[in-house]
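Peer 1: These are the residues of each chain, in order.
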Amino acid sequence: MIPNARIEEAAYTIMGKAAIEIPEDYRTGIRGMLEKEENELSRFVLMSMIDNWEAAEQDRRAMCADTGVPRYYVKVGNEARLDGGFIGLEHALRSATARATRDVPLRPNRVHPLSRQDNNNNVGINAPEIEYSFEPDADWIDVTTVHKGGLFGTDYRMLFPGDGIDGIKKFFLDVMVQFGRRGLACQPAIVGIGLGGSKDTAMVLGKQAACLRAVGDANPDPEIAKLEQELKDLGNSIGMGPMGFVGTSMVVDCHIEVGYTHTGGMPMSVHSFCLSSRRATARVHADGRIEYRTDPKWFTPYMRREGIEWCADAALHAAE
Amino acid sequence: MTLKSARLRLPVETSDLEPLEIGTVVYLDGIVYTGREGLYKKIDEGVMPPVDLASLGNANFHCSPAASVGDDGTYNLGAVTATASFRFSRFLPKFFEISKAKLILGKGGMSEQDYRDHFVPNGAIYLTTVGYGTGALLGRGIKRVRDVHWLKELGIAQAVWVLEVENFGPFLVESDLRGRSLFEQSNRETLDGIERVYAGLKFPALRRYGETVNRDDEVI
Ligand code: SF4
Numbered sequence: 007m008i009p010n011a012r013i014e015e016a017a018y019t020i021m022g023k024a025a026i027e028i029p030e031d032y033r034t035g036i037r038g039m040l041e042k043e044e045n046e047l048s049r050f051v052l053m054s055m056i057d058n059w060e061a062a063e064q065d066r067r068a069m070c071a072d073t074g075v076p077r078y079y080v081k082v083g084n085e086a087r088l089d090g091g092f093i094g095l096e097h098a099l100r101s102a103t104a105r106a107t108r109d110v111p112l113r114p115n116r117v118h119p120l121s122r123q124d125n126n127n128n129v130g131i132n133a134p135e136i137e138y139s140f141e142p143d144a145d146w147i148d149v150t151t152v153h154k155g156g157l158f159g160t161d162y163r164m165l166f167p168g169d170g171i172d173g174i175k176k177f178f179l180d181v182m183v184q185f186g187r188r189g190l191a192c193q194p195a196i197v198g199i200g201l202g203g204s205k206d207t208a209m210v211l212g213k214q215a216a217c218l219r220a221v222g223d224a225n226p227d228p229e230i231a232k233l234e235q236e237l238k239d240l241g242n243s244i245g246m247g248p249m250g251f252v253g254t255s256m257v258v259d260c261h262i263e264v265g266y267t268h269t270g271g272m273p274m275s276v277h278s279f280c281l282s283s284r285r286a287t288a289r290v291h292a293d294g295r296i297e298y299r300t301d302p303k304w305f306t307p308y309m310r311r312e313g314i315e316w317c318a319d320a321a322l323h324a325a326e
Numbered sequence: 003m004t005l006k007s008a009r010l011r012l013p014v015e016t017s018d019l020e021p022l023e024i025g026t027v028v029y030l031d032g033i034v035y036t037g038r039e040g041l042y043k044k045i046d047e048g049v050m051p052p053v054d055l056a057s058l059g060n061a062n063f064h065c066s067p068a069a070s071v072g073d074d075g076t077y078n079l080g081a082v083t084a085t086a087s088f089r090f091s092r093f094l095p096k097f098f099e100i101s102k103a104k105l106i107l108g109k110g111g112m113s114e115q116d117y118r119d120h121f122v123p124n125g126a127i128y129l130t131t132v133g134y135g136t137g138a139l140l141g142r143g144i145k146r147v148r149d150v151h152w153l154k155e156l157g158i159a160q161a162v163w164v165l166e167v168e169n170f171g172p173f174l175v176e177s178d179l180r181g182r183s184l185f186e187q188s189n190r191e192t193l194d195g196i197e198r199v200y201a202g203l204k205f206p207a208l209r210r211y212g213e214t215v216n217r218d219d220e221v222i
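Protein sequences, first through last, are from chains A and B. Everything in the first sequence is counted per the working numbering, starting at 7 for the first residue and increasing by one. Everything in the second sequence is counted per the working numbering, starting at 3 for the first residue and increasing by one.
With the rest of the complex left out, here is chain A:
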């Protein structure tokens, strides 16, 4: 039985960690870009960011005051049992959000879209969002928080199969350039791309690809991994860097996730996870132990539905 109080504690702790501690994979990625970057202004931006993360950790203050819109991704082991149930879990996540908003402090960013009512705690209607996935043969739950800021750097487009790789590249470049100018996307970013599914699936997959995969990891499908590398190189060859200055530091990594889609279409989304790529994960074990990490490990083989019932016969069989 996983105690609900431990879930609240874990969620509260990762809220602070995400806001303050830049994930090591992202920091290493930016250091690597700095080594290659030759433009003085672009170099200055990258060095300032590295200083900023150090200042955040030393002072225990948020790395960016736009603390994004905090949200959660919960992966539940198939054997996990929660003593408060899922309702208890959701209460815990909302309470952790409100407490961390006051204590870190985080900016109360969440307001009603029309009245602009602000509860000053980042909690409101449909906020924080909580998304779920499941894992076989596990009795823990993983709680990940992502504080993605950025009103910019994300876009969606319905492409068609005939548009092919050219269409993908062109839309990718469109997003890089339109939000790269003046650095609206706060690049270099982890760029996540969702390909396929329905429109909403493409958006969700792209966001998860940006926010829930570490810099340096590749999609297990070699064809997709190749496209990830190609798009990353393409982004870094535009001649644009941080803040839209001349440079080569645009994409710290590119992650693509796919879903089976309508035979006539190829929906695509692009998401930029900014210079404050904030994510933190806690695993809460059945005995209440908590382990913290920065790689959400969200896209497990099971998540990508590898090797599970994909042909009609097997699916029918499994359903019996």
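Be careful, since some hints might not be right.
[Stated by the list, open to error] With a straight-line cut-off of 30 Å between C-alpha atoms, the simulated BS3-like cross-links for lysine-lysine are:
hint, chain 1, residue 1, chain 2, residue 2
1, B, Lys43, A, Lys232
2, B, Lys44, B, Lys204
3, A, Lys238, B, Lys204
4, B, Lys154, B, Lys102
5, A, Lys238, A, Lys176
6, B, Lys204, A, Lys205
7, A, Lys176, B, Lys204
8, B, Lys6, B, Lys43
9, B, Lys43, B, Lys204
10, A, Lys42, A, Lys176
11, B, Lys6, A, Lys42
12, A, Lys175, B, Lys43
[Unchecked claim] Cβ-Cβ distance ranges computed for the label pairs, FRET-style:
hint, chain 1, residue 1, chain 2, residue 2, range
13, B, Lys145, A, Asp223, 38 to 44 Å
14, A, Phe140, B, Gly48, 39 to 45 Å
15, B, Gly48, A, His118, 21 to 27 Å
16, A, Ile136, B, Glu168, 40 to 46 Å
It is worth saying that the hints were derived from the structure and are not from the lab. Note that CB positions come from ideal geometry on N, CA and C, so glycine has one too.
Using the hints provided, position chain B with the ligand relative to the given structure of chain A.
Peer 2: Here is chain B with the ligand on its own, set in the frame of chain A:
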């Protein structure tokens, strides 16, 4: 090439701004006050702030802090980061008139047109934050919250925070007294590369309504 750098004492005189070239790194000492949609819109609607803005100095920061207000009324201020400035463009004439601001601090700059029309005549320049996520560095530069106005009316994020700052930065000079823009200069410098990476890529079958084909355009 190494970047030039400067330290400015607030409030500034226009003559202090004279030597500042675009791309210079700047740090500030003195008083800045924050303002974003809440403040600008109210002014636009003719509702005057509860304090004479010009008495708060002449540096306005498009920002809101990550802050909380304790039960005892004290402020806990963590990080500060700018918000994108372009959307305040239409409020500028009235704002300059009542605030007498000479430094606008923010994110992403405004257009050269705005600089020529509104900044140059007022002897003002624009400083951009860096990154833009340098919230912790900027937070360090804030020594004290001197005052908060319109906290109840506008909420923490939109209120007018009056901040005492020391070695506050880094900022980059985005526009100079002649109205030149570092960002627009960068746009011109990067245009060739953009044309090059697009070369040979065909348009998707389905265009977007009103889709621009001119890569010199910006979306803002
Ligand atoms: S995009 Fe990211 S780094 Fe930039 S201001 Fe927003 S949260 Fe901060």
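Peer 1: If a hint holds in the structure, say so; if it doesn't, say that too.
Peer 2: Taking the hints in turn, this is what the structure says about them:
Using a Cα cut-off of 30 Å, the hinted pair Lys43 (chain B) and Lys232 (chain A) is violated, with the two alpha carbons roughly 49 Å apart. In summary, the hint linking Lys44 (chain B) to Lys204 (chain B) is not supported, as the alpha carbons are separated by about 47 Å, beyond the 30 Å threshold. With a CA separation close to 20 Å, the supplied pair Lys238 (chain A) and Lys204 (chain B) stays within the 30 Å bound. Between Lys154 (chain B) and Lys102 (chain B) the alpha-carbon distance is near 25 Å, which keeps this suggested pair within the 30 Å criterion.
For a cut-off of 30 Å, the pair hint linking Lys238 (chain A) to Lys176 (chain A) stands: about 13 Å separates their Cα positions. For a cut-off of 30 Å, the pair hint linking Lys204 (chain B) to Lys205 (chain A) stands: about 23 Å separates their Cα positions. Between Lys176 (chain A) and Lys204 (chain B) the alpha-carbon distance is near 8 Å, which keeps this suggested pair within the 30 Å criterion. The hinted pair formed by Lys6 (chain B) and Lys43 (chain B) fails the criterion: a straight-line CA distance of about 36 Å is larger than 30 Å.
Of the pairs offered as hints, the one joining Lys43 (chain B) and Lys204 (chain B) is violated, with about 43 Å between alpha carbons and a cut-off of 30 Å exceeded. At most 30 Å may separate the alpha-carbon atoms for a hinted pair to count; Lys42 (chain A) and Lys176 (chain A) meet this at roughly 25 Å. Only pairs whose Cα atoms come within 30 Å are accepted, and Lys6 (chain B) paired with Lys42 (chain A) is accepted, the gap being roughly 22 Å. At most 30 Å may separate the alpha-carbon atoms for a hinted pair to count; Lys175 (chain A) and Lys43 (chain B) exceed this at roughly 40 Å.
In this structure the hint that Lys145 (chain B) and Asp223 (chain A) lie 38 to 44 Å apart at CB holds, the actual value being about 42 Å. Taken as a hint, the range 39 to 45 Å is violated for the pair Phe140 (chain A) and Gly48 (chain B), whose Cβ atoms sit roughly 56 Å apart. At about 25 Å, the beta-carbon gap between Gly48 (chain B) and His118 (chain A) stays in the expected band of 21 to 27 Å. The hinted range of 40 to 46 Å is satisfied by Ile136 (chain A) and Glu168 (chain B), whose Cβ atoms lie roughly 41 Å apart.
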